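Enquirer: Residues per chain are reported as follows:
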Amino acid sequence: MKAWLRYSLCIALGLIGGVAFAVHQVRGGLNDGRISNGPWDTGKSFGSVDASTLTRAKVALSGLLALPAKEAMYFTATRDSAGRALDGRCTYDVRGGKLDGRWWSITLYEGEGWLVKNAANRWSVPASAVATDAQGRWGFMVSPTPQTGTWLPTGSAKAFDLTLRLYHPSPDMISVPEKAALPVIERKGCA
Amino acid sequence: MMRRWLFPLVAGCLIALGAYQATLLATPYALMYTALQKIGQRATVNQFAFASMSTADNQPIVRPSPDLSYSSCVFDLSKGPVLVDVAPVPGRYWSVSIFDARTDVAAVRSDQDTNGKPARLALVKKGQKVAAGYEPVILADDRGLVLIRILLANPQEFPTVDAIRRKSTCKQI
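These protein sequence lines are chains F and B, in that order.
Here my numbering is used: the first residue of the first sequence is 44, the next is one more, and so on.
Here my numbering is used: the first residue of the second sequence is 43, the next is one more, and so on.
If you are wondering where the hints come from, they were derived from the structure by calculation, not from laboratory data.
Just so we're clear, the structure is a prediction, and the values are computed from it rather than from any experiment.
We treat Cβ as the ideally placed atom computed from N, Cα and C, and that holds for glycine.
Treat each hint with caution, since some may be false.
As the list claims (entries may be wrong) - Heads up, simulated DSS-like pairs for lysine-lysine below, C-alpha to C-alpha not over 30 angstroms straight-line:
| # | chain 1 | residue 1 | chain 2 | residue 2 |
| --- | --- | --- | --- | --- |
| 1 | B | Lys159 | F | Lys113 |
| 2 | B | Lys121 | B | Lys80 |
| 3 | B | Lys168 | F | Lys113 |
| 4 | B | Lys80 | B | Lys209 |
| 5 | F | Lys141 | B | Lys159 |
| 6 | F | Lys113 | B | Lys209 |
Said to hold, decoys possible - Take a look, some chain B residues computed to stay more than 10 angstroms from chain F by CB distance:
| # | residue |
| --- | --- |
| 7 | Gly82 |
| 8 | Val87 |
| 9 | Ser120 |
| 10 | Glu177 |
| 11 | Ala205 |
Build the full structure now, drawing on both the sequences and the hints.
Expert: Okay, structure coming up:
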């Protein structure tokens with residue numbers, strides 16, 4: 044094989060391989076190489092100049108216009124507390140206590156982060172929608188079928204993720220999110 | 043045999059590294075450009091667009107929050123600074139954030155930062171004059187996005203919040 048052909052082949056393969064690997068990593072979702080706490084994953088550098096090129100590209104794809112941690116923290120769960128992938132055909136009990144911030148909500152998304160069509164037209168559960176007991180504990184159900192109490196529908200999504208938004212988190216939450224008390228996601232059964 | 047392929051393989055590896063980095067660097071700019079084009083269809087440049095609440099049928103950007111009302115202004119500083127005046131909505135969380143062309147947050151101010159008073163920001167490039175009474179936000183690129191988020195406790199609050207947020211302005215001087 045002639046030299047120019049060898050160079051052309053290697054350069055073309057390098058170009059395709061480099062771009063393909065970058066796209067694969069960016070499309071890997073928001074959970075890679077980040078801080079984990081139970082089923083939840085988060086990062087500290089969203090929206091900031093401190094973010095790595097990979098984190099910035101991932102956030103641009105799956106969470107464009109995210110705020111920095113001082114303003115809001117985003118925790119994403121693609122698995123339940125037992126480590127099983129969240130499945131739209133299953134019913135989950137999501138429960139927790141007081142979250143260390145000013146306001147929170149949990150939103151259900153499919154794919155790269157789209158709200159799911161459902162008959163109840165409900166896509167999130169904000170703090171104001173759940174009843175809390177004397178200890179500040181609360182809970183709601185995630186399910187494809189109507190549930191008693193607060194219910195977040197999975198619609199027709201086969202796989203989904205939950206995003207917990209915590210606005211104006213406390214300094215402790217920002218500095219050590221891996222030690223924060225975050226909600227539990229327990230699978231109760233599948234259709 | 044191996045010697046004939048050594049330099050082409052090294053060249054291929056270097057190109058792969060460069061292509062990997064270039065793709066990562068270009069991705070935020072490309073996605074922000076697409077978002078600005080999409081959001082820009084709702085209002086002219088340097089003017090707020092007041093979106094209805096996000097639903098499964100109304101998702102202008104990825105991962106929207108259905109609990110927040112969004113107002114956005116695609117800005118362009120090529121012809122001069124842009125002034126942003128945000129009307130406060132009492133008794134609730136609201137914030138205004140400035141995103142640059144690379145998707146980084148250049149500034150964010152919330153109701154806590156302003157103690158419930160209006161937020162007044164001047165978006166400028168280096169060397170442009172800042173209007174009196176405005177907090178400067180210096181940007182490297184001409185284009186970007188202003189985004190106001192306002193928390194609603196329930197959807198019934200939307201008409202009241204909508205009337206207040208429409209007092210916010212984004213304008214070139």
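Enquirer: Under the constraints set out in the numbered hints, which ones does this structure not fulfil?
Expert: Of the numbered hints given earlier, the structure breaks none, since each of them holds.
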